[in-house]
Amino acid sequence: MKKLKVGIIGSGNIGTDLMKKVMRSELLHMSVVIGIDPDSDGLKKAKDAGVHTISNGIEGFLEHPELADVLFDATSAKAHTKHVELLEPLGKKIIDLTPAAIGPFVVPTVNLERHLNESVVNMITCGGQATIPVIHAIQQVQNVEYAEIVATIASKSAGPGTRANIDEFTQTTARAIEEVGGAKKGKAIIILNPAEPPMLMRDTVSCLLEEDVKEPDQMKTAIEQIVKDVNSYVPGYRLKIDPLIEGREVKVFLEVEGLGDYLPVYAGNLDIMTAAALKVGEIMAQQLQKKEVGI
Amino acid sequence: MGKILLTEVALRDGSHVVGHQFTKEQVRYVVEQASKAGVPYIEVTHGDGLGGSSLQYGLSKEYDIDLVKAAVEVAGDSIISVLLLPGIGTIEDLKEAYQAGARMVRVATHVTEADVSKQHIETAKSMGMETIGFLMMSHSAPPEVVLEQAKLMESYGADAVYVTDSAGAMLLGDVQARISLLKEHLSVDIGFHAHNNLSLAVANSLAAIEAGANRIDGSVCCLGAGAGNTQTEVLVGVLDRMGIDTNIDLYRMLDLADYVRANILPAPQDITSGSFIMGYAGVYSSFLRHAVIASEKFGVDSRDILIELGKRNVVGGQEDTIIETAQQMAEKKVSV
Chain A
1 MKKLKVGIIG
11 SGNIGTDLMK
21 KVMRSELLHM
31 SVVIGIDPDS
41 DGLKKAKDAG
51 VHTISNGIEG
61 FLEHPELADV
71 LFDATSAKAH
81 TKHVELLEPL
91 GKKIIDLTPA
101 AIGPFVVPTV
111 NLERHLNESV
121 VNMITCGGQA
131 TIPVIHAIQQ
141 VQNVEYAEIV
151 ATIASKSAGP
161 GTRANIDEFT
171 QTTARAIEEV
181 GGAKKGKAII
191 ILNPAEPPML
201 MRDTVSCLLE
211 EDVKEPDQMK
221 TAIEQIVKDV
231 NSYVPGYRLK
241 IDPLIEGREV
251 KVFLEVEGLG
261 DYLPVYAGNL
271 DIMTAAALKV
281 GEIMAQQLQK
291 KEVGI
Chain B
1 MGKILLTEVA
11 LRDGSHVVGH
21 QFTKEQVRYV
31 VEQASKAGVP
41 YIEVTHGDGL
51 GGSSLQYGLS
61 KEYDIDLVKA
71 AVEVAGDSII
81 SVLLLPGIGT
91 IEDLKEAYQA
101 GARMVRVATH
111 VTEADVSKQH
121 IETAKSMGME
131 TIGFLMMSHS
141 APPEVVLEQA
151 KLMESYGADA
161 VYVTDSAGAM
171 LLGDVQARIS
181 LLKEHLSVDI
191 GFHAHNNLSL
201 AVANSLAAIE
211 AGANRIDGSV
221 CCLGAGAGNT
231 QTEVLVGVLD
241 RMGIDTNIDL
251 YRMLDLADYV
261 RANILPAPQD
271 ITSGSFIMGY
281 AGVYSSFLRH
291 AVIASEKFGV
301 DSRDILIELG
311 KRNVVGGQED
321 TIIETAQQMA
331 EKKVSV
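First to last, the sequence lines map onto chains A and B.
So in the UniProt record's numbering, spot 111 of the first sequence is number 111, and the numbers just go up one at a time.
So in the UniProt record's numbering, spot 10 of the second sequence is number 10, and the numbers just go up one at a time.
For the record, the hints were derived by calculation from the structure and aren't laboratory data.
Hints are not guaranteed to be accurate.
[Stated by the list, open to error] Sample of chain B residues lacking proximity to chain A, with all beta carbon distances greater than 10 Å (derived):
| no. | residue |
| --- | --- |
| 1 | Tyr63 |
| 2 | Ile91 |
| 3 | Arg103 |
| 4 | Asp115 |
| 5 | Lys118 |
| 6 | Gln176 |
| 7 | Lys183 |
| 8 | Gly212 |
| 9 | Arg241 |
| 10 | Ile271 |
| 11 | Thr272 |
| 12 | Tyr280 |
| 13 | Glu324 |
[Stated by the list, open to error] Capping the alpha-carbon separation at 30 Å, the derived lysine-lysine pairs in DSS-like fashion look like this:
| no. | chain 1 | residue 1 | chain 2 | residue 2 |
| --- | --- | --- | --- | --- |
| 14 | A | Lys156 | A | Lys45 |
| 15 | A | Lys220 | B | Lys69 |
| 16 | A | Lys228 | B | Lys332 |
| 17 | A | Lys184 | B | Lys332 |
| 18 | A | Lys156 | A | Lys214 |
Please read these numbers as outputs of a predicted model, since none were measured by experiment.
The C-beta atom is built at its ideal place from N, Cα and C for all residues, glycine as well.
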């Protein structure tokens, strides 16, 4: 089977972790890593792994656009805007891991199929990827009036970008809880915990439904099923304790352990972003193959 | 010794005590009386700051901003302050509070995470608000770390930095060490916020003043999370006896305390075994109510829950961990 050629823009923590995941993929070919610092650890790792590297940024890629059909953007919101302007006219697809939110929000188990034809899709936030599948699953059973998530991450796993603009996390996640999760009103809270050794990422979802839960067992099954689905592409994603259901309130306690590809295992928040982005890339690859064979 | 600037926090920290059910009438009454007594700053916000109304911390009866508006109407010469925890509240919330008339904000982070406050402190300053950095759980980091983080807040433009003993866990020496180090190395005002879990709130506040702090938090009738804060009317009286000027009318504060005790306080604000344990184990004071509820729900001793939370190094805001911890402890009990 012909693999889809992918490029990663950004050779930092996220880009390098994603590279390791793409190299294992049966559907994607890790073609090129694009960075701006030839001495960065990420570009060295790429070179060592035999991946083509470009160290003069997006301009360098524009000289060899044949190297990739799909590009993962693991840079910054500002740089992403420029990348879209340059890559869209060339017919490239972009999976955006920055907080730019230019393309529509996507969550693999929830709404990806609807946006497969878009040229740019956005991966929301780590908290969004971890919780929106659960909110959506609850919404499929009964209408959710209000959904609130609390993401607690290890201080060490919050990079300078997140720290400098923490409002971006709460506001983007809250919006996606409504637009993708389907809750009438969404709210997101993020907490940084400096404990040593660093704690695994945890997410608590609290939903207030329009009415009392009618069939608690059915609700539980729906939640367990979606956790299993997400777990299929984020292996460290799991329920911490059983969901708590009381009246019209449903509480779900989640934990995300990273795979430890490039980032330490406690950084489940970063792992879920790269794992979900990989999944989006793979589904795009499957769809393109179908198109080629004319199904 | 110069003047001490007091911030009355009963309408913010006390929000925990009433399960975030303050009414506009209560806010108006307390603000009006505190203002008449001469309190320079009065804080009015959900216990967990702007945007704190949530399933995680408790839903407010009244929208935060409406309470701020009500307070501003009767504030007289007092300045209305709001609390903002980045990660919970946002700059949008802050702008709304400003429009409602709040002119001071305290931007609070865990003691090791000051860098998340940069955008909020800078925005508040650019709007012309008096802006305070608030380092929560200051007991949990050594003095040098508190200093390094306080310096960050100062560099973002904060007018003052507070050492905040959110767990009510500090002893006199802990306060002295942190405040004096900050006093030595910062050029902005230094503040101190106490909780009375170890019955040391007034004593610690005095230690802070002696070490160089000039901004102190008090809550009338001790209305605050855990065993409450430094009791305003008591502190005002003690400072008066020491000849330290606060410009606050003692009798008016005592009258207000009597009113709060009779009309707002749901139960006597004394040091229960739960609130004592929080100071003893170094756990965020607003966990108390949640631990008591979880203890009833899962049949686990609330003291055991709080001690376990201390072991797990939970930080302020992690109320969801309380339910989970209690549930896990209950399961363990059954399986033994």
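Structure-based check of all given hints:
no., hint, result
1, Tyr63, "14 Å, holds"
2, Ile91, "6 Å, violated"
3, Arg103, "21 Å, holds"
4, Asp115, "5 Å, violated"
5, Lys118, "6 Å, violated"
6, Gln176, "24 Å, holds"
7, Lys183, "25 Å, holds"
8, Gly212, "27 Å, holds"
9, Arg241, "41 Å, holds"
10, Ile271, "27 Å, holds"
11, Thr272, "26 Å, holds"
12, Tyr280, "19 Å, holds"
13, Glu324, "5 Å, violated"
14, A/Lys156 to A/Lys45, "22 Å, holds"
15, A/Lys220 to B/Lys69, "43 Å, violated"
16, A/Lys228 to B/Lys332, "25 Å, holds"
17, A/Lys184 to B/Lys332, "38 Å, violated"
18, A/Lys156 to A/Lys214, "42 Å, violated"
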